[in-house]
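Chains A and B, in that order, give the protein sequences. Heads up: the first sequence runs through residues 1 to 208, numbered per the numbering used here. Heads up: the second sequence runs through residues 1 to 271, numbered per the numbering used here.
There could be a bad hint or two in this list.
Some but not every residue of chain B turned toward chain A, in silico, with C-beta under 7 Å [to be verified]: (1) Val48; (2) Tyr52; (3) Pro58; (4) Met59; (5) Pro97; (6) Ile99; (7) Pro149; (8) Ile254; (9) Ser257; (10) Asn264; (11) Gly265.
Simulated pairs of lysine-lysine, DSS-like, Cα-Cα distance not exceeding 27 Å [stated by the list, open to error]: (12) B:Lys87 <-> B:Lys102; (13) B:Lys47 <-> A:Lys115; (14) B:Lys236 <-> B:Lys87; (15) B:Lys118 <-> B:Lys153; (16) A:Lys110 <-> B:Lys47; (17) B:Lys253 <-> A:Lys115.
Just so you know, the hints here were simulated from the structure itself, not pulled from any lab data. Heads up, the beta-carbon is just placed ideally off N, CA and C, and yes, glycines get one too.
The primary structure of each chain is shown beneath.
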Amino acid sequence: AFLSSFILDSVCWEVVGVVKLWNEWCRTSSTTNVLPTDSFCLFYRLISDPTVLLCQCSCYVAEDQQFQWLEKVFGSMQKKGLQVTILSTCPVADYKTQESTLTLVSPFLKALKTKEFQEPVCCPLLEQPNIVRDLPAAVLSYCQVWQIPAVLYQCYTDVIKLDTVTIEAFKPLLSSKVLKSLAKDASESTKVLKKFLTTSETHNNIYI
Amino acid sequence: MFIPCHRGGDSAGPDFQGFTLLMPAVSVGNVGQLAIDLVVSTLDMTKVGYFYTDCLVPMVGNNPYATAEENSTELSINAEVYSLPSKKLVVLQIRSPFIKNKYRPFCETLLSWVKSSKCARVVLLSSSHAYQRDDEQLLGTPLRYLLTPDLEKAVGGRMKELNWKEMEKVAAYPGISDTDKVLHIPGGGITKLLFTESCSEGIQMAVLLKFCSEGDNIPDAFVLVNYLNEWLQLIKSEVSTSNNSTDPSSQWKIPSSWRLLFGNGLPPALF
Numbered sequence: 001a002f003l004s005s006f007i008l009d010s011v012c013w014e015v016v017g018v019v020k021l022w023n024e025w026c027r028t029s030s031t032t033n034v035l036p037t038d039s040f041c042l043f044y045r046l047i048s049d050p051t052v053l054l055c056q057c058s059c060y061v062a063e064d065q066q067f068q069w070l071e072k073v074f075g076s077m078q079k080k081g082l083q084v085t086i087l088s089t090c091p092v093a094d095y096k097t098q099e100s101t102l103t104l105v106s107p108f109l110k111a112l113k114t115k116e117f118q119e120p121v122c123c124p125l126l127e128q129p130n131i132v133r134d135l136p137a138a139v140l141s142y143c144q145v146w147q148i149p150a151v152l153y154q155c156y157t158d159v160i161k162l163d164t165v166t167i168e169a170f171k172p173l174l175s176s177k178v179l180k181s182l183a184k185d186a187s188e189s190t191k192v193l194k195k196f197l198t199t200s201e202t203h204n205n206i207y208i
Numbered sequence: 001m002f003i004p005c006h007r008g009g010d011s012a013g014p015d016f017q018g019f020t021l022l023m024p025a026v027s028v029g030n031v032g033q034l035a036i037d038l039v040v041s042t043l044d045m046t047k048v049g050y051f052y053t054d055c056l057v058p059m060v061g062n063n064p065y066a067t068a069e070e071n072s073t074e075l076s077i078n079a080e081v082y083s084l085p086s087k088k089l090v091v092l093q094i095r096s097p098f099i100k101n102k103y104r105p106f107c108e109t110l111l112s113w114v115k116s117s118k119c120a121r122v123v124l125l126s127s128s129h130a131y132q133r134d135d136e137q138l139l140g141t142p143l144r145y146l147l148t149p150d151l152e153k154a155v156g157g158r159m160k161e162l163n164w165k166e167m168e169k170v171a172a173y174p175g176i177s178d179t180d181k182v183l184h185i186p187g188g189g190i191t192k193l194l195f196t197e198s199c200s201e202g203i204q205m206a207v208l209l210k211f212c213s214e215g216d217n218i219p220d221a222f223v224l225v226n227y228l229n230e231w232l233q234l235i236k237s238e239v240s241t242s243n244n245s246t247d248p249s250s251q252w253k254i255p256s257s258w259r260l261l262f263g264n265g266l267p268p269a270l271f
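Required output: the full structure, derived from the provided sequences and hints.
Put into structure tokens, the structure is as follows:
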């Protein structure tokens, strides 16, 4: 949602690729005819600079699909000079800390980076004994092993549904070297944010 | 497959010829993996590579053996290789479970790496469900060992000197008296598969395992790593002056990643 609000728009970006996959977590009913509006991963390319790719992953990639996802996606990319930035969210209840998670101010951002990533990160690094799983972990592992500079920004949030506070927790990233040049106009972002929230709120009217 | 950390240029990667490969089986209580953590942390081993595979669930985190701010920011993945050339020791640590149906491919990849890197022998640390023991196994030591025929010739005598107990074979059909005896390691993960494959491929492998249950397995890890130390002598067991007994438990260094194993701090509002 952060990327859709603050970075993507139909003018500057074009869809160049798609990863279709199916597992029990996908909400599609048909496995043979996956529609474009169904949940999977879309790849956008910046029209003005074709070296910038953006992947919107709106489905869960199961653990036995992650390796193939990586091979297919990174296999078709030039690895020299490649830099990867990953954005992900996770429940704050998963965060291990000496204090109780109830006293923590959430949402908050934590980062993990590969050895080759030399730029400054926009938030503190994820301390031990915390770990990251699923597709973000698979991508970061790949980048660490194959010496690609990569950074993961994980947002710990206590809200299950999409909300502005969590989306805006990613705002510090807009000052990073990678995203600074890609950020949209502030008024545009607010409009898109509002749209996200109205669509999700209509489902919460059962008590009215 | 094994990918060295430092590559390119003239370096051909680390050489493990003649080394002992120490590794865990992902088994009940994760005892093998905890014991390996103790070995890497205490001996301050250097990471030399990754075992990049599609057979394990991916995970990443910062350096689990960090001792200070400076070395805490190195990324670690789910299977990594550490080495200590002074003791001719190479360690593979596995940090996540196997993906369904990937046991066999992993064992094949691992054993082919063992052969190609010319390791002298493999020591597998594992565990087995305590509740599956029979009446005789309930008495005495919960520690067992297994040796492949090739290693039996080399170190079988040492095991006898140490008074170690070999893992018993059990009846293939319990209750029926004259059936074949088979090796049965419930809760041992890939232990049995790796062991039987090593036997048939002529690899020198030793399995050291402990009977245990899920729970706080830190004491089990200490017991297993001390058992290993009786044979390999990785650290010196100092004689304690107060009661004149050797107890090397205190000399193993607990890694920083063992913090908060059983959850966060409690919310004050609870009370």
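(request) For the hint on B:Asn264, just tell me whether its beta-carbon gets within less than 7 Å of chain A. (result) At about 6 Å, which falls below the 7 Å cut-off, the nearest Cβ of chain A leaves the hint on B:Asn264 intact, so it holds.
(message) Less than 7 Å between beta-carbons is the criterion; does B:Ile99 satisfy it with respect to chain A?
(response) Hint on B:Ile99: holds, closest Cβ of chain A at ~5 Å, below 7 Å.
(request) Would you check whether B:Tyr52 satisfies its interface hint, that is, whether its CB is within less than 7 Å of any CB in chain A? (result) holds, 5 Å
(request) Compare the distance between the alpha carbons of B:Lys47 and A:Lys115 with 27 Å, and conclude whether the hinted pair is satisfied. (result) holds, 13 Å
(request) Grab the minimum C-beta distance from B:Pro149 to chain A and call the hint holds if it beats 7 Å, violated otherwise. (result) violated, 36 Å
(request) Measure nothing beyond the straight line between the CA atoms of B:Lys236 and B:Lys87; if it is 27 Å or shorter, mark the hint as holding. (result) holds, 13 Å
(message) For B:Lys87 and B:Lys102, compute the direct alpha-carbon distance and say whether it is at most 27 Å.
(response) Answer violated: B:Lys87 to B:Lys102 is near 32 Å, above 27 Å.
(request) Have a go at the B:Ser257 hint: is there a Cβ in chain A nearer than 7 Å to its own Cβ? (result) Since the shortest Cβ distance to chain A is 5 Å, the answer is holds.
(message) Given B:Ile254 as an interface hint, is its Cβ closer than 7 Å to any Cβ of chain A?
(response) violated, 12 Å
(message) Hint B:Val48 vs chain A: min CB-CB distance below 7 Å?
(response) violated, 13 Å
(message) Between the alpha carbons of B:Lys253 and A:Lys115, is the straight-line distance 27 Å or under?
(response) holds, 26 Å
(request) Classify the hint on B:Gly265 as holds or violated, based on whether any CB of chain A lies nearer than 7 Å to its CB. (result) holds, 5 Å
Violation of the numbered hints given earlier is confined to hints 1, 5, 7, 8, 12; the remaining hints are satisfied by the structure.
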